[in-house]
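Turn these sequences into a full structure, and let the hints guide you.
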Amino acid sequence: MISLSRSVLISASKDSVRLYLRDLQNMAEYEPKVEKVEASYPDSDSGFVEVSGRFAGLPWKGAFKMEFTRDGGFKSEMVRGPLKKMVGGFHLRPVAGGTVVTRDEQYHFPAIANPLSFLLRGWIAKSMERELYVVKEGAERLHRQLQLKNIESAL
Numbered sequence: 002m003i004s005l006s007r008s009v010l011i012s013a014s015k016d017s018v019r020l021y022l023r024d025l026q027n028m029a030e031y032e033p034k035v036e037k038v039e040a041s042y043p044d045s046d047s048g049f050v051e052v053s054g055r056f057a058g059l060p061w062k063g064a065f066k067m068e069f070t071r072d073g074g075f076k077s078e079m080v081r082g083p084l085k086k087m088v089g090g091f092h093l094r095p096v097a098g099g100t101v102v103t104r105d106e107q108y109h110f111p112a113i114a115n116p117l118s119f120l121l122r123g124w125i126a127k128s129m130e131r132e133l134y135v136v137k138e139g140a141e142r143l144h145r146q147l148q149l150k151n152i153e154s155a156l
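For the sequence shown, our numbering gives the first residue as 2, with consecutive numbering after it.
Read the hints as simulated data drawn from the structure, not as lab findings.
If you're wondering where the values come from, they're calculated on a predicted model, not measured in any experiment.
Errors might be hidden in some of the hints.
Said to hold, decoys possible - Within a straight-line C-alpha distance of at most 30 Å, the following computed DSS-like cross-link-like pairs (lysine-lysine) qualify:
{"id": "1", "residue 1": "Lys150", "residue 2": "Lys85"}
{"id": "2", "residue 1": "Lys85", "residue 2": "Lys62"}
{"id": "3", "residue 1": "Lys15", "residue 2": "Lys66"}
{"id": "4", "residue 1": "Lys86", "residue 2": "Lys62"}
{"id": "5", "residue 1": "Lys66", "residue 2": "Lys76"}
{"id": "6", "residue 1": "Lys62", "residue 2": "Lys150"}
{"id": "7", "residue 1": "Lys66", "residue 2": "Lys85"}
{"id": "8", "residue 1": "Lys127", "residue 2": "Lys15"}
Encoded structure:
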């Protein structure tokens, strides 16, 4: 199993970050392993996404059950895909100056992949850092748009 966690400070309110992450179509923007997303929302506390893309250069497809968490993030669990198990999530914590977003991912690769785990770990870590950068940019953009909308409506 490979388990990694990374964090970033986003200069946006927790609500703006939450809104950005809960739009599951945004996964195609921030998740480097995903090129196409089909999202649905069975209820207000969950989502379901079917994705396709490339993982370590190889094509893949999967489906994930998403559970929105009280902190504004979500937990995701692969229910169909190439691995035995893949889980992850985003956790939000408001701080002075914005929101700290922590991303965690766990991959259960087949035993045959163990000799490649060092390479996979490095690739996944870089992928997570790129992902958090895009989430930061997207959430901050949304935050600015919402602030402008509030200013315009007050005029």
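Results of checking the hints against the structure:
1. Lys150 x Lys85: violated (45 Å)
2. Lys85 x Lys62: Between Lys85 and Lys62 the Cα gap is close to 13 Å, so the pair holds against 30 Å.
3. Lys15 x Lys66: Holds, because 23 Å separates the two Cα atoms, which is no more than 30 Å.
4. Lys86 x Lys62: Holds - the C-alpha atoms of Lys62 and Lys86 are around 14 Å apart, at most 30 Å.
5. Lys66 x Lys76: holds (8 Å)
6. Lys62 x Lys150: It is violated: about 38 Å lies between the C-alpha atoms, which goes past 30 Å.
7. Lys66 x Lys85: holds (15 Å)
8. Lys127 x Lys15: holds (25 Å)
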